[in-house]
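Starting from the structure of chain Z, add chain X where the hints point.
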Amino acid sequence: MSTISPSTDRVRHVDPTRRQQAVAAWALALPFVLLFVVFSLGPVLASLGMSFTDMRRTDIRDPFAVNPVGLDNYVQLVQDPLFRKVTLNTLLYLLLGVPATMAVALLVAVGINRVERFSGFLRVGYYLPVVTSIVAVSVVWKFLYRDNGGLFNTVLGWVGIDGPGWLDSTTLALPSLVLMAVWRNFGTLMVIFLAGLQTIPQEVDEAAEVDGASGWARFRHITLPMLRPTLLFGAVITGLGYLQFFEEAFVMTKGGPLDSTRSATYFTFDQFGFGNYGYAAAASYLLFLAVVLLTWVQFRWLGERDEKGATR
Amino acid sequence: MSTLTAEKQAAPPKAPASRDGGEWRRTPGWLYAVLFVGLFLVVIPFVWMLLSSLKPEAEVRSVPPTWWPETITLDNYETLFTKLDFPTYFMNSAIVALAVTAGNMVFCSMLGYALAKLDFPGKKALFAIVLGTLMIPGVVTFVPLFVLTTNIGLSNSLIGMILPFLAGPFGVFLMRQFIQSLPDELIQAARIDGAGELRIFFSVILPLCGPALATLGILTFLTSWNNFLWPLVVAQTEDKYTLPVALALYSVGQNATQYGLLLAGSVVVVLPVLAIFLVLQRHIMQGIAMTGIK
Numbered sequence: 001m002s003t004i005s006p007s008t009d010r011v012r013h014v015d016p017t018r019r020q021q022a023v024a025a026w027a028l029a030l031p032f033v034l035l036f037v038v039f040s041l042g043p044v045l046a047s048l049g050m051s052f053t054d055m056r057r058t059d060i061r062d063p064f065a066v067n068p069v070g071l072d073n074y075v076q077l078v079q080d081p082l083f084r085k086v087t088l089n090t091l092l093y094l095l096l097g098v099p100a101t102m103a104v105a106l107l108v109a110v111g112i113n114r115v116e117r118f119s120g121f122l123r124v125g126y127y128l129p130v131v132t133s134i135v136a137v138s139v140v141w142k143f144l145y146r147d148n149g150g151l152f153n154t155v156l157g158w159v160g161i162d163g164p165g166w167l168d169s170t171t172l173a174l175p176s177l178v179l180m181a182v183w184r185n186f187g188t189l190m191v192i193f194l195a196g197l198q199t200i201p202q203e204v205d206e207a208a209e210v211d212g213a214s215g216w217a218r219f220r221h222i223t224l225p226m227l228r229p230t231l232l233f234g235a236v237i238t239g240l241g242y243l244q245f246f247e248e249a250f251v252m253t254k255g256g257p258l259d260s261t262r263s264a265t266y267f268t269f270d271q272f273g274f275g276n277y278g279y280a281a282a283a284s285y286l287l288f289l290a291v292v293l294l295t296w297v298q299f300r301w302l303g304e305r306d307e308k309g310a311t312r
Numbered sequence: 001m002s003t004l005t006a007e008k009q010a011a012p013p014k015a016p017a018s019r020d021g022g023e024w025r026r027t028p029g030w031l032y033a034v035l036f037v038g039l040f041l042v043v044i045p046f047v048w049m050l051l052s053s054l055k056p057e058a059e060v061r062s063v064p065p066t067w068w069p070e071t072i073t074l075d076n077y078e079t080l081f082t083k084l085d086f087p088t089y090f091m092n093s094a095i096v097a098l099a100v101t102a103g104n105m106v107f108c109s110m111l112g113y114a115l116a117k118l119d120f121p122g123k124k125a126l127f128a129i130v131l132g133t134l135m136i137p138g139v140v141t142f143v144p145l146f147v148l149t150t151n152i153g154l155s156n157s158l159i160g161m162i163l164p165f166l167a168g169p170f171g172v173f174l175m176r177q178f179i180q181s182l183p184d185e186l187i188q189a190a191r192i193d194g195a196g197e198l199r200i201f202f203s204v205i206l207p208l209c210g211p212a213l214a215t216l217g218i219l220t221f222l223t224s225w226n227n228f229l230w231p232l233v234v235a236q237t238e239d240k241y242t243l244p245v246a247l248a249l250y251s252v253g254q255n256a257t258q259y260g261l262l263l264a265g266s267v268v269v270v271l272p273v274l275a276i277f278l279v280l281q282r283h284i285m286q287g288i289a290m291t292g293i294k
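Residue numbers (UniProt numbering), protein chains in the order written: chain Z, 1 to 312; chain X, 1 to 294.
The shape of chain Z in the complex, shown without the other chains (with noise of 0.2 Å):
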């Protein structure tokens, strides 16, 4: 991460050369600055803005004759019986999702690890799923998900068992679709935790197999140690997908039933259709805060751990 390279110490003491470096990065930078302005920072902030006023569809052509509102939003939200609900469903998609997504795509990571053939196949079919369109497999999942006739109520019913409506029960449609977002997202971890398993020196591995730990010893106080830092980063990109959920619900439940399924995101999109403009920002500014929150306590919590870890 030096920012410093040889080639421009070596020129510093050349001061046009320097002036027409800085001249030609900011030429170079200029494309992404200002579309970054324009199109991020700018909304960033005017989002932040518009939470604290009363902004409606109504005032879209005449954005700053709003009125300032100061907190109501805010306050409005936090009392909102439906937003408390959907803070809550966004909670459980976060808290089942991380975990489950995490432990798949490590389990097949250290599989795929170990074999000595098709290891490049059994990767690339594994991450299908993640390039394809949530919204379409959305569909595809909805469909399987039938109560009757759908593929999980057939192959349940080989078996005995008169499967539930899964997307019609207020407690089972949650979990179906985070069962749904795991299979589509798990691909992009398997290949983050695979570069990492990749570093780990077989050697360690191996003296300790020599001197007769377990595999699962193996895994738990080697593998797991010195995979630290790769998991703390795939716990946080994860998070941050599980925060926006949206796209899975819009499509298989619409956020139903009784809003059981719906999310923060969802929320806030609802309440852009209504002409909310503002109240939509505030809830909008919540999760963000919620995912700075998360990547933060993220870094802070396997940080620590880190540190008092074994390994170095």
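Calculated directly from the structure, the hints in this document are not laboratory data. A portion of the hints provided could be inaccurate.
Label pairs and their in silico Cβ distance ranges [what the hints assert, rightly or not]:
hint, chain 1, residue 1, chain 2, residue 2, range
1, Z, D211, X, P207, 50 to 56 Å
2, Z, A213, X, G253, 57 to 63 Å
3, Z, G49, X, V37, 50 to 56 Å
4, X, V279, Z, I161, 38 to 44 Å
5, X, A195, Z, Q198, 37 to 43 Å
Stretches of chain Z that chain X covers, calculated by requiring three or more beta carbons in the stretch to come under 8 Å of a beta carbon on chain X [unchecked claim]:
hint, segment
6, 120 to 128
7, 143 to 149
8, 286 to 298
Computed from the model, here is a short list of chain X residues facing chain Z with C-beta under 7 Å [what the hints assert, rightly or not]:
hint, residue
9, F120
10, V140
11, V270
Note that the Cβ used here is the ideal one computed from N, Cα and C, for glycine as well.
Relative to chain Z, chain X alone:
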């Protein structure tokens, strides 16, 4: 191990030598069995999607379901492309994805180079901004972005869909990582030859970025092709729908119960990217390994 060497030399090597831990580490057979069963489970929704899309509507909804179609028909696809407007949606998706891809390849490699090889005031801050942008969820920006695009006359337009995604932080990060690995001597030699800084980028560095640009291009195309929330917000009339927008709205709208049709629509969305991925997967895997991000 030395006894195995002679035999192995005759056959093409199956695995890199460093992974060859000797006979006692041979992969157990059950592991292959488990991994291939797992792979089968992962792939089955795609197979089911494809097979069902080729059945007539009555067979799609039959209980118990048929596995292999009793009647193979392209009726669902014909409906999509003649009665519904899937050719338009397909074109919209392709135009948006190609434009976004081109923009990212150009703009991200420019900034990536500056961050990797040039020394300038504000560099650290700029890199921090790039990394910070990776964390901004789309849901935070879409409401003000909608107000903005409406006021500059770009709502319900493909340009409005494209512009906000024209230069993403992921591309900058990927290109910076790659360009950092190129030798500094190349740049110095060009400077000594009197080449200007921009010229060095365009005629020395860029031609060497082929592999990274390929990775970036493919990943950006896939992401853009599958993008949903922003196109859903921008598109207000059917002629501006992208494929995921059209599919999602059909699936919750009046076509909600036409399974065969919707599954055929899913095939149309999924098949092109699966094909691109299978042909070019090497680049994608490299990209993930290089940056650790999808």
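I want to verify a distance hint. Is the separation of the beta carbons of A195(X) and Q198(Z) within 37 to 43 Å? 39 Å, holds
Does the Cβ-Cβ separation between A213(Z) and G253(X) fall within 57 to 63 Å? 58 Å, holds
Lying within 38 to 44 Å: is that true of the beta-carbon distance V279(X) to I161(Z)? At roughly 41 Å between Cβ atoms, I161(Z) and V279(X) fall inside 38 to 44 Å, so the hint holds.
So, as I understand it, the hint says V140(X) touches chain Z; can you test that by seeing if any CB pair is closer than 7 Å? 5 Å, holds
D211(Z) paired with P207(X), Cβ distance criterion 50 to 56 Å: 52 Å, holds
Distance restraint evaluation - G49(Z), V37(X), Cβ atoms, bounds 50 to 56 Å: Given about 54 Å between the Cβ atoms, the range holds.
Double-check F120(X) for me: the hint is only fine if its C-beta lies closer than 7 Å to a C-beta in chain Z. 4 Å, holds
Less than 7 Å between beta-carbons is the criterion; does V270(X) satisfy it with respect to chain Z? At about 5 Å, which falls below the 7 Å cut-off, the nearest Cβ of chain Z leaves the hint on V270(X) intact, so it holds.
How about the segment 143 to 149 of chain Z: do at least three of its residues have a C-beta closer than 8 Å to a C-beta of chain X? Per the Cβ count (4), the hint holds.
Would you say the segment 286 to 298 of chain Z counts as covered by chain X, given the rule of at least 3 residues with C-beta under 8 Å? holds (count 5)
Coverage of the segment 120 to 128 of chain Z by chain X (three or more Cβ within 8 Å): holds (count 7)
When the structure is compared with the earlier hints, no violation turns up for any of them.
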